[in-house]
Amino acid sequence: MSAHQHPHEEQDFLFKYVFSQDHKMISKQFLITGFIMGFIGLSMSTLFRLQLGFPGESFWIIDFLLGSWAENGVMLPDKYLALVTMHGTIMVFFLLTAGLSGTFSNLLIPLQIGARDMASGFLNMLSYWFFFVSSVIMLISLGVEGGAASAGWTIYPPLSALPQAIPGSGLGMTLWLVAMAIFIASSLLGSLNYIVTILNLRTKGMTMTRLPLTIWSFLITAIVGVISFPVLLAAALLLVFDRSFGTSFYLSDIYIGGQVLEHSGGSPILFEHLFWFLGHPEVYIVLLPALGITSEIVSTMSRKPIFGYRAMITSMLAIGFLSAIVWGHHMFVTGMNPFLGAVFTFTTLLIAIPSAVKVFNYITTLWKGNIKFSPAMLFSIGLVSTFISGGLTGLILGDSALDINVHDTYFVVGHFHIVMGLSGIFGMIAGVYHWFPKIFGRMLNNNLGNAHFWITIVSSYGIFFPMHFLGLAGVPRRYYTNSEFPLFENLLDINTLITWFAILAFAGQLIFFFNFVYSALRGPKAPQNPWKGNSLEWTTGVKHMHGNWPGEIPTVHRWPYDYSKLNENGDYVTGEDFIPQIVPLGEGELDGGGH
Amino acid sequence: MIALVAIVAVLLVIATAVQILKIAELRATESGKEIYEISAKQSKAQAFLLMVFLVAYFGFFAWQVWKWGGLMLPVSASEHGVGVDELMNITLWFIIPVFIITHIFLFWFSYKYSFSETRKALFFSHSNKLEMFWTIIPSVALTVLILVGLSNWNKIMTPISSETEHVLLEVCGQQFMWGARYAGKDGKLGRASVEYIEGVNALGIDVSDENSKDDKIVKGEFHLPVGVPVQFVFRSQDVLHSAYMPHFRAQMNCVPGLKTQFNFTPTITTAEMKEKTQNENFEYILLCNKICGAAHYNMQMNIVVESKEDYEKWLAEQKEFGAE
Numbered sequence: 001m002s003a004h005q006h007p008h009e010e011q012d013f014l015f016k017y018v019f020s021q022d023h024k025m026i027s028k029q030f031l032i033t034g035f036i037m038g039f040i041g042l043s044m045s046t047l048f049r050l051q052l053g054f055p056g057e058s059f060w061i062i063d064f065l066l067g068s069w070a071e072n073g074v075m076l077p078d079k080y081l082a083l084v085t086m087h088g089t090i091m092v093f094f095l096l097t098a099g100l101s102g103t104f105s106n107l108l109i110p111l112q113i114g115a116r117d118m119a120s121g122f123l124n125m126l127s128y129w130f131f132f133v134s135s136v137i138m139l140i141s142l143g144v145e146g147g148a149a150s151a152g153w154t155i156y157p158p159l160s161a162l163p164q165a166i167p168g169s170g171l172g173m174t175l176w177l178v179a180m181a182i183f184i185a186s187s188l189l190g191s192l193n194y195i196v197t198i199l200n201l202r203t204k205g206m207t208m209t210r211l212p213l214t215i216w217s218f219l220i221t222a223i224v225g226v227i228s229f230p231v232l233l234a235a236a237l238l239l240v241f242d243r244s245f246g247t248s249f250y251l252s253d254i255y256i257g258g259q260v261l262e263h264s265g266g267s268p269i270l271f272e273h274l275f276w277f278l279g280h281p282e283v284y285i286v287l288l289p290a291l292g293i294t295s296e297i298v299s300t301m302s303r304k305p306i307f308g309y310r311a312m313i314t315s316m317l318a319i320g321f322l323s324a325i326v327w328g329h330h331m332f333v334t335g336m337n338p339f340l341g342a343v344f345t346f347t348t349l350l351i352a353i354p355s356a357v358k359v360f361n362y363i364t365t366l367w368k369g370n371i372k373f374s375p376a377m378l379f380s381i382g383l384v385s386t387f388i389s390g391g392l393t394g395l396i397l398g399d400s401a402l403d404i405n406v407h408d409t410y411f412v413v414g415h416f417h418i419v420m421g422l423s424g425i426f427g428m429i430a431g432v433y434h435w436f437p438k439i440f441g442r443m444l445n446n447n448l449g450n451a452h453f454w455i456t457i458v459s460s461y462g463i464f465f466p467m468h469f470l471g472l473a474g475v476p477r478r479y480y481t482n483s484e485f486p487l488f489e490n491l492l493d494i495n496t497l498i499t500w501f502a503i504l505a506f507a508g509q510l511i512f513f514f515n516f517v518y519s520a521l522r523g524p525k526a527p528q529n530p531w532k533g534n535s536l537e538w539t540t541g542v543k544h545m546h547g548n549w550p551g552e553i554p555t556v557h558r559w560p561y562d563y564s565k566l567n568e569n570g571d572y573v574t575g576e577d578f579i580p581q582i583v584p585l586g587e588g589e590l591d592g593g594g595h
Numbered sequence: 001m002i003a004l005v006a007i008v009a010v011l012l013v014i015a016t017a018v019q020i021l022k023i024a025e026l027r028a029t030e031s032g033k034e035i036y037e038i039s040a041k042q043s044k045a046q047a048f049l050l051m052v053f054l055v056a057y058f059g060f061f062a063w064q065v066w067k068w069g070g071l072m073l074p075v076s077a078s079e080h081g082v083g084v085d086e087l088m089n090i091t092l093w094f095i096i097p098v099f100i101i102t103h104i105f106l107f108w109f110s111y112k113y114s115f116s117e118t119r120k121a122l123f124f125s126h127s128n129k130l131e132m133f134w135t136i137i138p139s140v141a142l143t144v145l146i147l148v149g150l151s152n153w154n155k156i157m158t159p160i161s162s163e164t165e166h167v168l169l170e171v172c173g174q175q176f177m178w179g180a181r182y183a184g185k186d187g188k189l190g191r192a193s194v195e196y197i198e199g200v201n202a203l204g205i206d207v208s209d210e211n212s213k214d215d216k217i218v219k220g221e222f223h224l225p226v227g228v229p230v231q232f233v234f235r236s237q238d239v240l241h242s243a244y245m246p247h248f249r250a251q252m253n254c255v256p257g258l259k260t261q262f263n264f265t266p267t268i269t270t271a272e273m274k275e276k277t278q279n280e281n282f283e284y285i286l287l288c289n290k291i292c293g294a295a296h297y298n299m300q301m302n303i304v305v306e307s308k309e310d311y312e313k314w315l316a317e318q319k320e321f322g323a324e
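Each protein sequence line maps, in turn, to chains H and U. Letter 386 of the first sequence, counting from 1, is numbered 386 in this note's numbering, and no numbers are missing. Letter 241 of the second sequence, counting from 1, is numbered 241 in this note's numbering, and no numbers are missing.
Rather than coming from a laboratory, the hints here were simulated on the basis of the structure. Just so you know, nobody snuck in bad clues.
Straight-line distance between alpha carbons at most 30 angstroms, and here's what the computed BS3-like set of lysine-lysine pairs gives:
(1) Lys33/U <-> Lys543/H
(2) Lys22/U <-> Lys532/H
(3) Lys368/H <-> Lys44/U
(4) Lys41/U <-> Lys368/H
(5) Lys532/H <-> Lys120/U
Work out the full structure: start from the sequences and follow the hints.
Quick look at the structure:
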């Protein structure tokens with residue numbers, strides 16, 4: 001009954017494009033939905049950058065796009081917070097979690113491990129449709145009375161619990177919570193499917209140590225997600241109880257709007273613990289797939305095996321494990337017991353070790369390579385750069401004594417946008433350039449891709465690097481304007497510069513969207529293996545088919561990184577500089593680069 | 001009308017771009033190649049741009065330090081803050097070189113090993129020695145950072161013992177203002193709770209509590225004596241706030257239903273800081289650093305640090321709570 005037994009069955013439109021259970025179609029759905037959400041999130045940030053760069057100035061575009069959220073072309077202070085909140089939510093969850101993992105886990109897991117499809121096509125389809133419904137609800141919440149959720153993407157109560165505290169905590173916050181609950185269901189369905197598929201459906205010969213690093217990263221990401229997302233669901237449900245049913249999980253001793261509330265005995269810090277128990281692993285749910293994708297690209301485009309394959313896996317496992325025990329570093333100054341602060345400082349700084357190993361391994365992979373700079377490779381180099389630049393400032397924020405003074409300032413905004421935002425998005429975009437031929441059967445235009453990369457990297461550093469200086473000058477994040485403080489009056493130039501770069505970054509992404517749409521429809525037809533890669537996805541046909549391989553699923557004989565392998569005479573073993581995984585090992589030939 | 005013109009203009013730009021792409025593809029095909037193939041020359045051009053970027057990136061970094069370095073927070077005005085600043089410098093001395101060196105290697109290798117038809121890449125899959133080396137080096141460096149960091153943290157977080165002479169000051173946050181309360185002669189803060197908030201009693205102080213009689217409530221600004229430790233107690237009566245005093249390297253959240261604390265010893269008076277920063281209008285401030293609502297961006301209170309005599313004079317002028 002499933003497609004497995006009838007690979008050539010013709011399907012009608014509804015089941016082929018809409019309620020598809022084919023992982024490649026679901027991957028496309030995730031990609032396109034994720035990009036639409038990402039574009040909305042990006043536009044929001046450009047709008048509120050206008051307010052920050054030119055505080056109080058009137059813009060017709062703000063009037064035009066924001067309607068009742070603005071007055072005379074200037075956005076209202078609480079709606080500024082709504083934009084910031086929705087920007088964060090959309091970027092972190094809808095673009096960089098569902099958009100990134102949903103697209104590439106779905107596309108690559110069956111193709112790279114040699115499976116006909118995901119373990120459960122039906123759950124996979126549900127995962128997408130839950131995500132879709134969640135996206136729609138999140139967008140609807142922009143239009144309700146009181147505006148969208150405005151308590152920051154971390155939605156700390158009591159601000160998020162009390163409509164008296166900010167209008168966005170009314171219906172807007174209710175919809176936010178509903179959307180996120182559905183989103184979490186989607187994420188869990190997806191993650192369970194990824195884990196089961198990777199563990200059970202590998203083709204003959206595909207041992208765990210022959211998996212491409214992409215698959216390892218998706219596996220670890222999915223495990224981290226399954227462990228931590230349910231906790232956010234619990235946190236959100238308890239918040240719903242507090243908001244609607246009069247419980248006091250997070251609320252106590254509150255006087256607002258001229259009256260004392262009945263809530264008593266709860267603690268907002270409980271919410272912070274529950275939130276960050278997901279919130280911090282979430283950073284790695286975003287990062288790990290990006291790192292997996294770029295590991296694959298850096299190796300393929302350098303024509304060299306990824307350096308330290310096993311160390312890369314160990315590092316990812318270590319990062320995945322540590323990510324679950326560092327959440328308290330978001331709470332050093334919340335009033336949490338200082339002893340806990342010390343423990344979390346210790347575990348947090350430990351993450352720097354596996355991260356450093358990964359960086360050094362990337363750099364060594366480039367050494368004596370033969371590097372072809374496709375746009376995907378440029379974005380991968382960009383990722384290594386942002387991972388270093390943003391990761392190093394983490395040593396300041398993770399150190400509790402230093403965090404006291406930079407906590408919640410623009411220093412944090414600069415740090416996490418570079419290390420998580422940029423690295424995540426660079427990894428995702430690199431993946432799109434690299435696997436576009438696998439997704440759409442056509443090639444993206446390289447020149448436009450290069451232009452996109454250069455505009456993006458220049459403008460993103462132009463946006464986020466100066467933010468460290470704002471933070472060191474003491475500017476708090478989530479301020480509608482800095483003009484109320486004489487202390488900050490000399491800093492307006494920095495904000496104006498950042499806004500110009502933000503506009504440039506926005507323009508750069510338009511190039512990408514044009515390239516994406518044009519190439520998907522009209523781009524040159526892709527060859528089967530455009531980058532001369534070793535992994536299994538390049539043995540499937542350009543045109544998508546159910547079941548992925550027309551005949552038998554190929555058997556795997558070696559790891560995926562046999563690039564530029566020479567025999568005793570100094571010639572390439574197969575006559576070309578790559579040996580696909582389906583090629584049997586020669587006599588006396590060591591697998592896994594001799595690991 | 002303007003919108004219509006804009007839409008037509010955008011469509012024209014897209015149509016032009018499509019045509020240009022089509023022409024480029026045709027030209028590539030005529031020369032016997034596919035447009036998506038990347039030649040050694042094209043690869044080299046991108047590699048060259050990467051080198052240009054590296055220089056520009058470092059240049060941008062240096063330019064920012066030069067241009068904005070002077071706008072950063074001035075020297076720490078608290079005792080523990082000096083230690084924090086030192087730790088910051090140690091950390092920067094560690095991360096800036098790592099930042100520079102890793103970037104040089106990353107971009108230099110990208111440039112040097114850009115694609116060539118003739119060269120063969122080196123099959124180099126792992127080296128236990130190298131990997132051990134760059135696991136151990138960061139481990140050692142981090143051990144140092146962790147130890148120095150934690151010794152600072154523990155010092156900062158130790159509350160002032162009751163025997164030491166100190167000022168006890170409560171700071172209470174509400175949307176969107178701060179209130180401050182001195183403990184008064186008895187050195188004890190009277191009981192307070194949201195239940196008691198009524199009319200002028202905006203901080204919700206229990207009038208029946210003996211300890212609250214001599215408490216002193218101030219608005220707009222509070223004063224601190226230089227060289228005397230200050231024990232802060234923080235409260236909030238509605239949502240989360242965060243009491244951030246950047247010049248003292250001090251910050252603590254204000255949590256409804258929970259009293260939090262922080263302490264520091266101011267070391268530089270406001271007058272001295274005016275001289276140091278050469279800014280006549282310099283003021284220490286307390287600002288809110290946890291999103292708390294629409295006017296979060298404007299929730300401030302001035303802090304005046306002065307000599308002990310001046311402080312006592314000022315405090316004597318403030319009314320006792322019980323006197324009202």
